[in-house]
Amino acid sequence: MPTVIIDGRELRLSEGERLNGIEAARRVGIEIPHYCWHPGLSVVGSCRMCLVEVGARDPKTGKVTMQPKLAPACNTIVADGMVLVTESEKVALARARVEEGLLLRHPIDCPICDKAGECRLQDYHFQHGQDQRRADIRPFTSRRRDIGDITLFVDRCIMCSRCVRFVNEISGTGELMVVNRGAHEEIDVAPGYPLHNKLSGNVVDLCPVGALADKDFLYRQRVWFLRNHKSVCTRCATGCSIWIDENQDRIYRVRPRENPHVNRWWICNEGRYGHSYVHDPRRLTSPVRRTAAGRAPVDWSEVIDEAPKRFQAARRPAGVISPFLTVEEAFLLCRLLHKWHGQVVLAVGPVPSTDADETFPGGFVISAEKCPNRRGVEAVVSHFAGGVIGWEEFLARAARSEFDAVWITAGYPLPWIDAEQASKPAGVETLVVQDLFPSPLSDRADFELPGAAWAEREGSYVNRNHWLQTARWTIRPPAGVRTEGSLFWELLGREGLYRAQAVLEEAAVEIAYFSPARGPVPEEGVQLTPPTADEPSAAPLSRGPTAIRR
Amino acid sequence: MAKQSYQPVLLANVGKPESHTLRAYEAGGGYRGLRQVLREKSPQDVVALVKASLLRGRGGAGFPTGLKWSFLPEDHPGPIYLCVNADESEPGTFVNRVQMEHDPHQVLEGIIISAYATRASTAYIYLRYEYPLCLRRMQTAIDEAREKGYLGKNILGSGWSLEVYIHRGAGAYVCGEETGLIESIEGKRAWPRIKPPFPAVEGLFRKPTVVNNVETLACVKHIVDRGLEWFKSIGVPPAPDNPRDPGSYGPKLFGISGHVNRPGCYERPLGISARELIEQCGGGVRQGRKLKAVVPGGLSTGVMTADEIDTPMDFSGPLKVGCLGLGTGCLIVLDETYSMVDFLYNSCRFFAHESCGQCTPCREGTHWSVAMLERIRAGRGRLKDLELLLEIGDTIGIIPGTTICGLADGAAWPIKTAIRKFRGEFEDYIKRTNPGGYQTVHPVAWFEGNGSAGAGSAAVKH
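Quick note, the sequences are listed as chains A and B, same order. Heads up, the first sequence is in our numbering, so the first residue is 1 and it goes up one at a time. Heads up, the second sequence is in our numbering, so the first residue is 1 and it goes up one at a time.
Calculated from the structure, these hints are not laboratory results. Quick caveat: nothing in here was measured; it's all calculated off a predicted structure. Take the hints with a grain of salt, since some may be wrong.
Within a straight-line C-alpha distance of at most 30 Å, the following computed DSSO-like cross-link-like pairs (lysine-lysine) qualify [claimed, not checked]:
1. B:LYS195 / A:LYS60
2. B:LYS232 / B:LYS290
3. B:LYS195 / A:LYS90
4. A:LYS63 / B:LYS195
5. A:LYS90 / B:LYS384
6. A:LYS69 / B:LYS421
7. A:LYS198 / B:LYS16
8. B:LYS384 / A:LYS69
9. B:LYS51 / A:LYS69
10. A:LYS69 / B:LYS195
Label pairs and their in silico Cβ distance ranges [to be verified]:
11. B:ASP394 / A:PHE126: 23 to 29 Å
12. B:ILE399 / A:THR3: 29 to 35 Å
13. A:TYR252 / B:SER121: 53 to 59 Å
14. A:HIS196 / B:PRO435: 54 to 60 Å
15. B:ALA170 / A:LYS60: 49 to 55 Å
Note that CB positions come from ideal geometry on N, CA and C, so glycine has one too.
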């Protein structure tokens, strides 16, 4: 078994494993500072922050011989008998000099820089830099340049070229480039070809300093006020792992969260900037009951009293389970409707979709299916109903007055139903619509219930590759809104607060499809077995392009 | 003297009428070697011959050419590329230009033989933009050779084909670095690649690639023509105390510029001393002045003092006096009237201007050194600046391991050698021009009207 020694600690590698010095050091708990290296991008080795001493141990005598020169850890593939020293005086001096060099012309405008607080240059300066400035070069001012989707603060750039490699290798759009030479180098775009692609927001996360700034986030919040929550993006069936950064129940930023099984290090702009609907003032915030006298806000207790009676008394009730619901919420709702009435008809809500998946050169996929959990909801529905009824079929049957009590869940971030479709259900005596926004359908509802947005809810989503991920709530819903899970939990008469984990456990026991999700679901999620071969699952993401060179 | 009767080989045709034409070249026995190689030798034979000759690259680093060729993968399906480094941008260097302008067919024959040896199917000549005559003459030579069947498909009936293209640079020094050159041919920004992988494994268009200098390839032609004995009869054998020294065999083109009476390009055996070159070839220092310093092989090799000019000009000679190496073998001679502060300022300005800007130590170090020298020349120097300059010089480059390519070493060596060897002059200059503030240790504001500038800064003393 190949063995590497890093700062005296032994690391055993499995056969055929290819790690560079930074990755190997991480395994033994040592962080080697670096700017230009990123696991998802090609290696350029230009920032020189990851310089380490490299040596070899003679397998027979055990004698270690070190090379006289420093080597970048990012381009050093560790091999058996290799010795890395990351904390020697020589390495510390080299790091200090790189830091000093990077700060020669850096404007050091941290007080007005968005990155301050999560800036590599700041962090490394405190960890590895010198305490006194020796240079007499007066830093330039901080020039700002609009380069398209993103704003560039030209002088803050440290020329790690991550953004340039990203647009060349991952998005494949190649808008960004380096202009000029030496100390005059700048990131720029060609005239008339601004940075504009569906993955452009990622360059902001990639930027180790505050050079590339997000126009959506710029000057809106200091990062140290933000709390970061692990979550899952619900804007398409890819289901990227994300961080939601919020402060006092307001989402300020969504960033990708590394997940090798789903999105690796990236998310698309749709997911990144598609959170504003959560704070839309038009959202429903109170249950509304329609009586002969008109529509009037009511208390939740009235809903909780009235709804079961209506559904239990119905001849032919139906439920529409939105593909925006989590597995747990869908499970509870199906169980609830089934408990109220054994003959309930269950359908899956409309699945919004665009023409085709978009696949980028780096392997990232934006799904055509614009909902997070069709597969999970379908599995739940078919468990309770024995099969899946689609939205079109449901509408057609509703138009024939087949149902007299209908519970429709929605939660779509975009308008999802027009007046024509909304007018189709006929002969419905009790219509419950649970949604985020008013719609032609909710106007007709006997009970219009405000739903919670994805960041406010808790539960699991199954993505296009049958990969299940669990998200916790990150912000509290607006006053008056009850999350779906807690409402169904209470309607089922369960004790205490809604616990998604318990519901998933229950679903995993009852439904074979969810059985891999028993026990705590790991952070990056679990793979479910596709139920049948009716739908070929998309090819899993291949290993990142770390081996690709420019 | 034997040395004066040295018969030039590489420059044999230079000065003859119409020396750049195929007719003149063939009349002098040109392309006979190529015919013979294609008829009698396998590529392996040529590699073995060049390996045995211990020919070292003439571009600056002196890497053994045969060894470089042998790094190519044995059974690669191809294509393999040969890149000819004609991006001669080292300050003070102009010997490739003489070769390409006056004897392009000699270079071309060397290219064809070397491409045959390395099994390359395409050769690119990366030509410096500032050499328009070279471009015309090399292109004419390629056209003539193709017409005669020395190039193209099925060369001289051997079944082997080769295409040669000229790729013109756009005036960047860093394109002379082999991987920068490769990136540039690929149409990218000439940011040298990090090694490994080396070009022999993954080079141009991610295929195995050999990059050789013009003069190296011309030497290959003569080794094939004249044989091993001839080549090894010239130059310096390996040092007996260093088993890894491949020696310095063969003729070398030396360029002499600067303050001499007869600047120009001269051919001499490796191992001739700098003194002999200056006195015999260069005709001595101009106007009988005193010699002050000599740059042994292009600006990036640093400087030698007048006392060190008996150093033999072979691959290990300049190393012994603290220079980077033989470099390109092109001397820049400075006489006593020239200020070393100005010399260093010019040098630093050049390297800061040419730094590709990829690696932090080089991009920032070269820039900082210029800023300091500008300030020194503006009368605000501090003695501490010399320490900072030396620190930059000692820590940037591929030798300490802090950069990807050797450009930073080239920037560092003039700083290190000039300051170490002429320290007194630098100190005098600073004390003379900044009598009030030369002892300051704190960073000095560089612009007017900013606090402690000028004489006022004398208040801050250590």
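Structure-based check of each hint:
1. For the suggested pair LYS195 of chain B and LYS60 of chain A, the alpha carbons sit about 29 Å apart, so the restraint of at most 30 Å is met.
2. For the proposed pair LYS232 of chain B and LYS290 of chain B, the alpha carbon gap of about 36 Å is over 30 Å, so the pair is violated.
3. Taking the CA atoms of LYS195 of chain B and LYS90 of chain A, the gap is near 22 Å; set against the 30 Å cutoff, the hint holds.
4. For the hint pairing LYS63 of chain A with LYS195 of chain B, the CA-to-CA distance comes to about 27 Å; that is within 30 Å, so the pair holds.
5. With a CA separation close to 22 Å, the supplied pair LYS90 of chain A and LYS384 of chain B stays within the 30 Å bound.
6. With a C-alpha separation of about 25 Å, the suggested pairing of LYS69 of chain A with LYS421 of chain B holds against the 30 Å cut-off.
7. Restraint check for LYS198 of chain A and LYS16 of chain B: the C-alpha separation of about 64 Å exceeds 30 Å, so the hint is violated.
8. With a C-alpha separation of about 27 Å, the suggested pairing of LYS384 of chain B with LYS69 of chain A holds against the 30 Å cut-off.
9. A C-alpha spacing of about 28 Å is found between LYS51 of chain B and LYS69 of chain A, which places the hinted pair at or below 30 Å, so the restraint holds.
10. Restraint check: the Cα-Cα separation between LYS69 of chain A and LYS195 of chain B comes to about 14 Å, which is no more than 30 Å; the hinted pair holds.
11. A beta carbon spacing of about 26 Å between ASP394 of chain B and PHE126 of chain A agrees with the range 23 to 29 Å that was offered as a hint.
12. Range check, ILE399 of chain B to THR3 of chain A: about 30 Å between beta-carbon atoms, so the 29 to 35 Å window is met.
13. Take TYR252 of chain A and SER121 of chain B: their Cβ atoms lie about 57 Å apart, and the range 53 to 59 Å holds.
14. Under the hint 54 to 60 Å, the C-beta atoms of HIS196 of chain A and PRO435 of chain B, about 58 Å apart, fit the expected range.
15. Between ALA170 of chain B and LYS60 of chain A the beta carbons are some 53 Å apart, a value that agrees with the proposed interval 49 to 55 Å.
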